[in-house]
Amino acid sequence: DTEVTQTPKHLVMGMTNKKSLKCEQHMGHRAMYWYKQKAKKPPELMFVYSYEKLSINESVPSRFSPECPNSSLLNLHLHALQPEDSALYLCASSQDQHNEQFFGPGTRLTVL
Amino acid sequence: QKEVEQDPGPLSVPEGAIVSLNCTYSNSAFQYFMWYRQYSRKGPELLMYTYSSGNKEDGRFTAQVDKSSKYISLFIRDSQPSDSATYLCAMSGGYNKLIFGAGTRLAVHP
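Read top to bottom, the protein sequences are chains A and B.
All residue numbers for the first sequence refer to this note's numbering, where the first residue is 350 and numbers rise by one.
All residue numbers for the second sequence refer to this note's numbering, where the first residue is 936 and numbers rise by one.
These aren't lab readings, by the way, just hints derived from the structure by calculation.
Everything numeric in this text was worked out from a predicted model, so none of it was measured.
We put the beta carbon where it would ideally sit given N, CA and C, even for glycine.
One or more of the hints may lead you astray.
Claimed, not checked - Simulated restraints on C-beta separations:
1) B:K1002 <-> A:T365: 49 to 59 Å
2) A:V361 <-> B:P949: 32 to 42 Å
3) B:Y974 <-> A:T356: 13 to 23 Å
4) B:Y1030 <-> A:A388: 25 to 35 Å
5) A:K358 <-> B:S1017: 16 to 26 Å
6) B:S988 <-> A:V361: 43 to 53 Å
7) A:R379 <-> B:S955: 30 to 40 Å
8) A:S411 <-> B:D942: 29 to 39 Å
9) A:T365 <-> B:D1013: 47 to 57 Å
Same shape as in the complex, but just chain A (with noise of 0.2 Å):
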């Protein structure tokens, strides 16, 4: 089972709400990853997981919030957005660093 799985599909959420992106892999992968993606471009990394440990975070600003409960659950915290971080969030995972990652469908965000 290669399946990496997001809720919700979808979110629109305010400027002023809180909410939290959740993602699931039960193919015992120790490498969890968020992503995100605007129309057009290649997935941009945000933050890195290995073995339920912050590994890398690349500067994301503070009002997106990782969480790893186990390892295989990731969560990322949502608060006061701006609309320009209106995208597809994406979760994936792998092995370990060395082996190819496996993306979800990914969470449509919209934040008016």
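Position chain B against the provided structure of chain A, taking the given hints into account.
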């Protein structure tokens, strides 16, 4: 200069054609090379994964890596309208961080 260069296209071909997609890169530390297919408004789907130089074949898809030239290719044989998508090359030196090309938009018309 970007670390990974990929022609964004669009590339339009007739059904049944052989498609060649390419990326060049500048970082000689890259050892892991991937090709992803992304349909509109969906997540990227891994098509091919190659370590170091060489060829890899999977059905209608062949991936080639030439590290001496810093050049990778994806060939699609007998292309189908269902192959119409954006194809992203990606590569890494082995420390989690993937570097993506811009993506090539491919349209296969019947």
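Hint check results:
1. B:K1002 <-> A:T365: 49 to 59 Å: holds (51 Å)
2. A:V361 <-> B:P949: 32 to 42 Å: Between A:V361 and B:P949, where Cβ atoms are some 40 Å apart, the hint holds.
3. B:Y974 <-> A:T356: 13 to 23 Å: holds (20 Å)
4. B:Y1030 <-> A:A388: 25 to 35 Å: With Cβ atoms ~29 Å apart, the hint holds.
5. A:K358 <-> B:S1017: 16 to 26 Å: holds (22 Å)
6. B:S988 <-> A:V361: 43 to 53 Å: Since the Cβ atoms of B:S988 and A:V361 sit about 47 Å apart, the hinted range of 43 to 53 Å holds.
7. A:R379 <-> B:S955: 30 to 40 Å: holds (36 Å)
8. A:S411 <-> B:D942: 29 to 39 Å: Once the Cβ atoms are compared, 37 Å apart, the range 29 to 39 Å for B:D942 and A:S411 holds.
9. A:T365 <-> B:D1013: 47 to 57 Å: holds (53 Å)
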